[in-house]
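Please model the complete structure; the sequences and the hints are all you need to start from.
Going down the list, the protein sequences come from chains A and B. Numbered by the numbering used here, the letters in the first sequence go through residues 1 to 232 in order. Numbered by the numbering used here, the letters in the second sequence go through residues 1 to 325 in order.
To be clear, the hints were calculated from the coordinates, so they are not data collected in a lab. From the three backbone atoms N, C-alpha and C, an ideal C-beta is built for every residue, glycine too. Some hints here could point you the wrong way.
If you anchor each label on the Cβ, the simulated ranges turn out as follows [claimed, not checked]:
{"hint": "1", "chain 1": "A", "residue 1": "K141", "chain 2": "B", "residue 2": "S103", "range": "48 to 54 Å"}
{"hint": "2", "chain 1": "A", "residue 1": "D67", "chain 2": "B", "residue 2": "Q151", "range": "46 to 52 Å"}
{"hint": "3", "chain 1": "B", "residue 1": "S253", "chain 2": "A", "residue 2": "S148", "range": "24 to 30 Å"}
{"hint": "4", "chain 1": "B", "residue 1": "Y249", "chain 2": "A", "residue 2": "D109", "range": "38 to 44 Å"}
{"hint": "5", "chain 1": "B", "residue 1": "I181", "chain 2": "A", "residue 2": "T205", "range": "48 to 54 Å"}
{"hint": "6", "chain 1": "B", "residue 1": "A188", "chain 2": "A", "residue 2": "D67", "range": "27 to 33 Å"}
{"hint": "7", "chain 1": "A", "residue 1": "N48", "chain 2": "B", "residue 2": "L127", "range": "52 to 58 Å"}
{"hint": "8", "chain 1": "B", "residue 1": "D213", "chain 2": "A", "residue 2": "K119", "range": "50 to 56 Å"}
{"hint": "9", "chain 1": "B", "residue 1": "Q151", "chain 2": "A", "residue 2": "E23", "range": "24 to 30 Å"}
{"hint": "10", "chain 1": "A", "residue 1": "G51", "chain 2": "B", "residue 2": "D269", "range": "57 to 63 Å"}
{"hint": "11", "chain 1": "B", "residue 1": "R307", "chain 2": "A", "residue 2": "S103", "range": "32 to 38 Å"}
{"hint": "12", "chain 1": "B", "residue 1": "D105", "chain 2": "A", "residue 2": "K119", "range": "34 to 40 Å"}
{"hint": "13", "chain 1": "A", "residue 1": "G158", "chain 2": "B", "residue 2": "Q246", "range": "52 to 58 Å"}
{"hint": "14", "chain 1": "A", "residue 1": "A218", "chain 2": "B", "residue 2": "N285", "range": "29 to 35 Å"}
Computed from the model, here is a short list of chain A residues facing chain B with C-beta under 8 Å [stated by the list, open to error]:
{"hint": "15", "residue": "A21"}
{"hint": "16", "residue": "I26"}
{"hint": "17", "residue": "T39"}
{"hint": "18", "residue": "A172"}
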Amino acid sequence: MGDNTLVLGQRLSEWCGHGPAPEEDIALANIALDLIGQTRLWLDLAGNREGLGRDSDMLAYHRNPWDFKNLLLVEQPNRDFGVTMMRQFLFDTWHLETLRILSHHTDKDVRGIAQKSSKEVTYHRARSTNIVIALGDGTEKSQLRMQSALNRLYPYVGEMFMTDKDDLIDMAALRPRFDAHLSATLNKATLTKPESEFYHKGGKTGTQHSEHLSHILATMQSLPRSYPEAKW
Amino acid sequence: MYAQMIKSEETYEDPKKLMAFQARIDDGDRIEPKDWMPKGYRKTLIRQIGQHAHSEIVGQLPEGNWITRAPSLERKAILLAKVQDEAGHGLYLYCAAETLGVSRDELTEMLLNGQMKYSSIFSYPALTWADMGVIGWLIDGAAILNQVPLQRTSYGPYARAMVRICKEESFHQRQGFDIMIKMVNGTAEQKHMAQDALNRLWYPSLMMFGPPDAESVHSEQSMRWKIKINSNDELRQKFVNQTVPQAEYLGLSIPDINLNWNERKQSYDFSQPDWSEFFDVLEGNGPASVDRIEARQAAWEDGAWVREARIAHAEKKNMAILAAE
Ligand SMILES: [Fe+2]
Ligand SMILES: [Fe+2]
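Following this line, the structure appears as structure tokens:
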């Protein structure tokens with residue numbers, strides 16, 4: 001969970017100062033801020049359970065690409081605003097369903113973080129859903145852009161519902177609610193779900209990330225790795 | 001600083017109306033959007049508020065460039081929140097300018113085609129993490145000195161925008177100073193970064209208050225209108241006086257061999273920045289000027305389809321509501 005929010009938060013912060021309007025810059029920064037906040041909670045908990053004295057900063061800044069267990073979806077480049085918002089919408093929809101289940105988990109700490117996060121993510125999903133609808137339904141040009149964004153990203157959806165040994169819950173069970181929200185939204189957005197259900201995998205297991213992740217980490221980790229003695 | 005080179009516009013007006021207007025300002029009255037105002041007052045304010053708004057928006061770029069490289073998750077969150085505040089400042093100010101009858105889109109186009117400027121400081125590059133400290137400490141610090149008096153400016157919407165903005169700027173300054181404390185107490189490389197950032201940004205910070213009073217021929221009218229409250233040199237002196245002890249506390253040296261405490265005037269003597277460099281920067285020849293405007297141009301052009309689509313969608317929704325009624 002923490003790797004997903006970290007990598008996506010990092011991606012979103014690339015937009016700072018470059019969005020289509022200051023309102024969008026503010027909103028993207030706000031979502032990135034929530035995701036970085038959630039990252040600290042998840043990775044601190046992970047470090048704590050690991051018991052080797054690593055905190056969220058150690059886990060964020062001093063792990064290698066193959067140690068990261070984030071979904072391939074979140075490491076995909078921002079490309080244009082349409083791709084960024086489509087990626088956000090697909091992630092938020094999955095994220096919210098995941099947090100809903102984790103909010104009832106037997107582990108008290110997991111439950112706490114999930115409950116806190118789902119309040120924020122409810123807002124993220126409402127916002128990205130509205131934008132996907134507005135841009136899909138807006139002009140001919142914007143509809144084309146959003147359709148191509150969906151086509152580009154749909155092959156990263158399937159991985160979100162694979163369950164492996166590290167998962168706390170059965171991911172496949174989330175798919176029906178995800179699909180329901182997806183088709184209701186695409187319908188309003190006048191967009192069509194791609195026919196092929198093919199999907200890429202290897203992100204959440206860490207076995208085969210895309211080429212993009214190591215670039216993200218090279219940028220993000222540059223200071224702590226170059227000056228390991230320094231405190232900031 | 002956002003009014004570094006604002007010329008006040010004098011135009012012909014009915015002398016009776018002008019006198020009554022000046023009397024209101026002298027009485028400390030606030031001018032509101034629906035009130036009568038001289039055309040020159042309106043034009044000067046549009047330029048000043050517009051350029052201030054552009055400075056907030058362009059000012060996101062040097063710091064935005066470091067968010068992805070912030071050295072800890074906490075620093076990343078603080079910097080994200082700060083840059084988000086700056087975009088918010090831009091929005092308040094565009095709204096204040098809009099009350100004077102100019103749209104945000106018009107102002108943006110004037111920024112992009114070079115008719116309007118932004119603060120010269122943001123035409124300098126942010127090269128190391130220490131720049132995030134110096135930007136908060138000196139640049140937000142200078143912004144506060146400029147903006148606190150503007151909370152009493154004669155134009156109501158501008159004064160109110162300043163009140164909201166000033167609260168956040170003092171927060172930014174403290175965060176910047178906190179970064180500096182960590183840097184000067186850190187490794188040799190961190191200390192080097194801190195001193196280097198101060199060396200590069202000291203004179204550009206002094207430029208933020210605009211050219212010397214003797215050369216600032218247009219200030220007088222703006223001061224009568226209470227669009228400008230203090231003179232450039234007055235604010236610059238105040239800035240130097242408050243910053244020198246802070247630099248001493250940090251153990252950093254200000255790159256000025258003429259910097260000395262003057263007992264008689266109870267102030268520091270200091271060297272002026274290179275004013276020819278300042279005028280070059282205003283002409284668009286700052287080290288990062290082209291990068292800044294290019295980035296804003298790209299954001300504007302690449303975002304056009306998004307803005308158009310949102311308007312089209314909103315119109316369709318309104319039509320549907322009307323049809324249903
Ligand atoms: Fe600001
Ligand atoms: Fe600020």
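Quick rundown of the hints versus the structure:
Here the CB-CB span from K141 (chain A) to S103 (chain B) is close to 23 Å, at odds with the stated 48 to 54 Å. Range check, D67 (chain A) to Q151 (chain B): Cβ separation about 51 Å, and the 46 to 52 Å hint holds. Judged by the Cβ atoms, the range 24 to 30 Å given for S253 (chain B) and S148 (chain A) is violated: they are separated by roughly 56 Å. At roughly 41 Å, the beta-carbon separation of Y249 (chain B) and D109 (chain A) lies within the given 38 to 44 Å, and the hint holds.
Judged by the Cβ atoms, the range 48 to 54 Å given for I181 (chain B) and T205 (chain A) is violated: they are separated by roughly 43 Å. At about 31 Å, the CB distance of A188 (chain B) to D67 (chain A) agrees with the hint of 27 to 33 Å. As the Cβ distance of N48 (chain A) to L127 (chain B) is approximately 37 Å, the hint placing it in 52 to 58 Å is violated. Range check, D213 (chain B) to K119 (chain A): about 54 Å between beta-carbon atoms, so the 50 to 56 Å window is met.
The supplied range of 24 to 30 Å is met by Q151 (chain B) and E23 (chain A), whose beta-carbon atoms lie about 25 Å from each other. In this structure, G51 (chain A) and D269 (chain B) meet the distance hint of 57 to 63 Å, their C-beta atoms being roughly 60 Å apart. Remark: the range hint 32 to 38 Å for R307 (chain B) to S103 (chain A) is upheld by a beta-carbon distance near 37 Å. At roughly 35 Å, the beta-carbon separation of D105 (chain B) and K119 (chain A) lies within the given 34 to 40 Å, and the hint holds.
The hinted window of 52 to 58 Å between G158 (chain A) and Q246 (chain B) holds, with their beta carbons roughly 56 Å apart. Checked against the given bound of 29 to 35 Å, the beta carbons of A218 (chain A) and N285 (chain B), roughly 33 Å apart, stay inside it. For A21 (chain A), the interface hint holds, since its Cβ comes within 8 Å of a Cβ in chain B; the closest pair sits about 6 Å apart. Hint status for I26 (chain A): holds, given a least beta-carbon distance of 5 Å to chain B, under 8 Å.
For T39 (chain A), the shortest C-beta to C-beta distance to chain B is roughly 6 Å, which falls under 8 Å, so the interface hint holds. Interface restraint check: A172 (chain A) against chain B, minimum CB-CB distance 32 Å, threshold 8 Å, status violated.
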